[in-house]
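Trainee: Sequence:
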Amino acid sequence: MIDEKFFLGRQPILDRTQQIVGFELLFRSPESLYAANVSDLQMASASVIVNSLSEFGFQEVLGRHKGFFNVTREMLMSDALELLPKDRVVIELLETIVADAEVFERCRTLKSLGFTLALDDHVYSESFHDIYHLIDIVKVDVLETPDTSLAEMVAKFRNWPLTLLAEKVENAEHYKFCSQLGFDLFQGYYFARPVVLRQNKIDIGKITMMQLMKQVMADAEWSEIEETFKQNPGLTYNLLRLVNSVAMGLRVRIKTLRHALTVLGLEQLKRWITLALYANNDSNGVQSPLLEMAATRGKLMELLMLASHGRAAGEIADQAFMVGILSLIDVLFEDSMAELIGKLNLVDSVKSALLHKDGDLGALLLLAELLEQADFPAVNEQLEICELSLDQLLTAQLETFSWADKLSTSL
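By the count of the numbering used here, the sequence shown reaches residue 401 at its end, each step adding exactly one.
Misleading hints may appear alongside valid ones.
Using 20 Å as the maximum straight-line C-alpha spacing, the simulated SDA-like pairs for lysine to any residue come out as follows [said to hold, decoys possible]:
#1 Lys158 x Ala364
#2 Lys76 x Leu124
#3 Lys146 x Gly104
Label pairs and their in silico Cβ distance ranges [as the list claims (entries may be wrong)]:
#4 Asp365 x Glu64: 21 to 27 Å
#5 Ser139 x Asp69: 36 to 42 Å
#6 Glu329 x Arg6: 29 to 35 Å
#7 Glu257 x Glu329: 22 to 28 Å
Hints are computed from structural coordinates only; laboratory data are not their basis.
C-beta atoms are modelled at their ideal positions from N, C-alpha and C, and glycine is treated no differently.
Take these sequences, add in the hints, and give me the full structure.
Mentor: Dropping the structure here:
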C-alpha cells in the first residue's frame, strides 16, 4: 500500500448500447473530507494519481476500460499528468478552469501528445470556442440543466465534432430523452433504478429463474437443479460462460452443465447462478452494467467481511457475497424487494440486510452503496461503524475490480 492514503471512487460511463466504456475515477484524501476550503476537494494531487496507478496498475483499477480523471487548473499544468498512459485515460477539465491563453496552449500540447480531453460539468460558452476544437468529449450535467436549455446547448455544440456525455442521468425516461437529443455517452445509475411494473403476461424465463434460485437456497437435489437448468438454455449458456471467465483454480475448463454442477459445489453454484441471472436478463449478457455492479457489490462485501473477521468469517463471508448480489434483484425482476425476498429461502440476517440494511451485512451493503455514489465523508463514517480501515477498503476494492473485470470478459 502506498504511503499516502486516499479514497477511491469509480463510476461507470455507458454508451448507447448500454455497455461500459469507461469509469470516472475519483480520488480524495482523508484530510480533505471536512476541509473548509472546498475548491481542492475534487481531487488528490496529480502525483498521488500517477503514483497510485503506477503501483496498482491500470489493469487492476480499470480492467479493459478507460479512466476519466477530473483535473484542476494546477493539475492540468503539472508535468506529472504526462506520465499517465494516453491510450488509457481521458483528462477532464473541471468547470472551475477558465479558458485563457495558458489553458489553450496546455490543451494543445496534451492533444498533440495524443491525450483525450473532456470538459466536465460544462455549459456552452463563447469563451471556449477556440478550445472546443481541441476537446473530444463534453460532459453536461443534465440534472441541473432545464430541458429547453439542454436542447439549445446540444444544437450549439454541433458546430464542433464533439462527443456529448450526459451526466447524472437518473432514470430510464431521462436516458431516453438525452439519447434522442443526441448524447452518445451516459453517466449515472439510471440502469440500476428499480422500476416496479406489474406485468400481465407471464415471463417464463423469470419464473424459471426464480424457481432455480429457490432450489439452490433450499439445498435441493442436484438432479432437480439440473432439470430446472434444462428448461432455460439461455441461463445454462450464461452460467457456463461466467464460470469459464473466472480463474477458479481448476485444471480443466468446464464444458458441460453437469460438469459445472459437480465441480463447483453448491456454495459456488449459488454464486454463479445469481450472477447468471443478471447476464441472462440483459441483451449485453456478461457485459451488462447491472451484472458488473451487482458482482462488484458482492465481491467487495465478501472481501471486507474476510478482512474484518479473518479465518473466522466462514459462512458469513458467503452471506456477504449473496447480499451484495441479491441487492439489485428488484431491478432485475422489476418487482419489489419485499415481494422477491419472500419467495426465497434466505436466512434472517440476509433478509434483514436486504430489506432494512440491518446488522453487519446491512452495514457493509450501505458502505458499498456509498462508495458507488462517491460520498466519501459518509464512506469514512461507515468504515468506522464497520470497524474497517481505509487500507483494508482500498485493498478490497482493487481485488474486486480485477475480479469483476475477469468476470465480464468472456473467454
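Trainee: Now tell me, hint by hint, if it's right for this structure.
Mentor: Quick rundown of the hints versus the structure:
1. Between Lys158 and Ala364, the direct Cα distance comes to roughly 13 Å. Compliance with the 20 Å bound is thereby established for this hinted pair.
2. A C-alpha spacing of about 15 Å is found between Lys76 and Leu124, which places the hinted pair at or below 20 Å, so the restraint holds.
3. Between Lys146 and Gly104 the alpha-carbon distance is near 26 Å, which puts this suggested pair outside the 20 Å criterion.
4. For Asp365 and Glu64, the hinted distance range of 21 to 27 Å is satisfied, since their beta carbons lie about 25 Å from each other.
5. As the Cβ distance of Ser139 to Asp69 is approximately 38 Å, the hint placing it in 36 to 42 Å holds.
6. The hinted window of 29 to 35 Å between Glu329 and Arg6 holds, with their beta carbons roughly 32 Å apart.
7. One distance hint, 22 to 28 Å for the beta-carbon pair Glu257 and Glu329, holds here, with the actual separation near 26 Å.
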